[in-house]
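Its first residue numbered 31, the sequence shown is counted upward by one per residue in my numbering.
Among the hints, erroneous ones may be present.
[What the hints assert, rightly or not] Have a look at the derived ranges for each label pair, beta carbon to beta carbon:
#1 246 <-> 156: 43 to 49 Å
#2 246 <-> 126: 22 to 28 Å
#3 220 <-> 126: 26 to 32 Å
No lab work stands behind these hints, which were simulated from the structure alone. Glycine included, C-beta positions come from ideal geometry on N, C-alpha and C.
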Amino acid sequence: MPAAALALEGVHAGYGEIEVLHGVDLVVPEGAVVCVVGANGAGKSTLAGVAAGLIETRAGRVLLAGVDVTRLGPHERARAGLLLAPEARGVFPALTVEDNLAVRLRDADARDAAYDRFPVLGERRHQAAGALSGGEQQQLALVGALVDPPRVVIADEPTLGLSPMATEVVLRALEDLKAAGTSLVLVEERAREALRLADEVVVVDLGRVAWSGPASQVDLDDLTSAYLGHEPHEVPGASAESERRR
Numbered sequence: 031m032p033a034a035a036l037a038l039e040g041v042h043a044g045y046g047e048i049e050v051l052h053g054v055d056l057v058v059p060e061g062a063v064v065c066v067v068g069a070n071g072a073g074k075s076t077l078a079g080v081a082a083g084l085i086e087t088r089a090g091r092v093l094l095a096g097v098d099v100t101r102l103g104p105h106e107r108a109r110a111g112l113l114l115a116p117e118a119r120g121v122f123p124a125l126t127v128e129d130n131l132a133v134r135l136r137d138a139d140a141r142d143a144a145y146d147r148f149p150v151l152g153e154r155r156h157q158a159a160g161a162l163s164g165g166e167q168q169q170l171a172l173v174g175a176l177v178d179p180p181r182v183v184i185a186d187e188p189t190l191g192l193s194p195m196a197t198e199v200v201l202r203a204l205e206d207l208k209a210a211g212t213s214l215v216l217v218e219e220r221a222r223e224a225l226r227l228a229d230e231v232v233v234v235d236l237g238r239v240a241w242s243g244p245a246s247q248v249d250l251d252d253l254t255s256a257y258l259g260h261e262p263h264e265v266p267g268a269s270a271e272s273e274r275r276r
C-alpha cells in the first residue's frame, strides 16, 4: 500500500502549559480531499499548524509521503511539498500584489500564469495586498499552489469572511488543485462549502478526533448539530462502525 500524502500519528500539541491536541490521528491519502471540521476552539487550526511545522509536536509523528518530518520546520516541509494557506491569508499586506507574487513565484512566466489564472490580481498588481478584499487576498495566497501544485495543501478556513461570490472563486481554485492531483486538507467551520469537495471528513472536538469517515456518509444537519455541544457519537453516521472509530 502506498504511503499517505500526509499522516499525523498520535499527535499531542499545545501552547505553553495548555495541551490542545490529545493524541490526534489523521490520514490524507494521495490525491484526496480531507475536510477537518469542528466548533471554534476545537483544535482545528492547531492541527493545521502542527502539520505545517508551525507548532511543535510534543508527542507523536507527522509523516509526509511516508517520511517522518516531525522535527522539520515549516520551510523544510514546504520544500518537501507541503503548503499551508493560513486563516490569516498569508500575504504581506504592505507589499504590492506584484511583490507578493515575486516572493512566491521567482519565475516571470509563472507570475504571468498567475495573472492569467486570477485576472483580478493583474488588475491590482500595483496595489498593496492589504487593500485587497478578503477573496482577492485568498486568491493571492493560493495562486502559487495553482501555478506549481505541491503534494499537499492545508487550507485553514479558506472561505472565512468571504462573500458568496468570492467563496465560489476560492472553491473553484481548490477544485482545480484537486484535479491536478494535490492532496487537500480543508479546515473549515462552513461545512456545506467544504463538503462539496471532500472525500473524507474528520470531526475534531476538544482536541480529539470525534468521528471520521467518508463524506458520503455525512448528514449536514447532524454535522451542524455537533457544533452545538452534542456528544461525539451524535456526529454524522452514528453507526456501530463509527462508534468503533472513536
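Cross-check of the supplied hints:
no.: 1; hint: 246 <-> 156: 43 to 49 Å; verdict: holds, 46 Å
no.: 2; hint: 246 <-> 126: 22 to 28 Å; verdict: violated, 44 Å
no.: 3; hint: 220 <-> 126: 26 to 32 Å; verdict: holds, 30 Å
Hint 2 alone, counting from the list given before, is not met by this structure.
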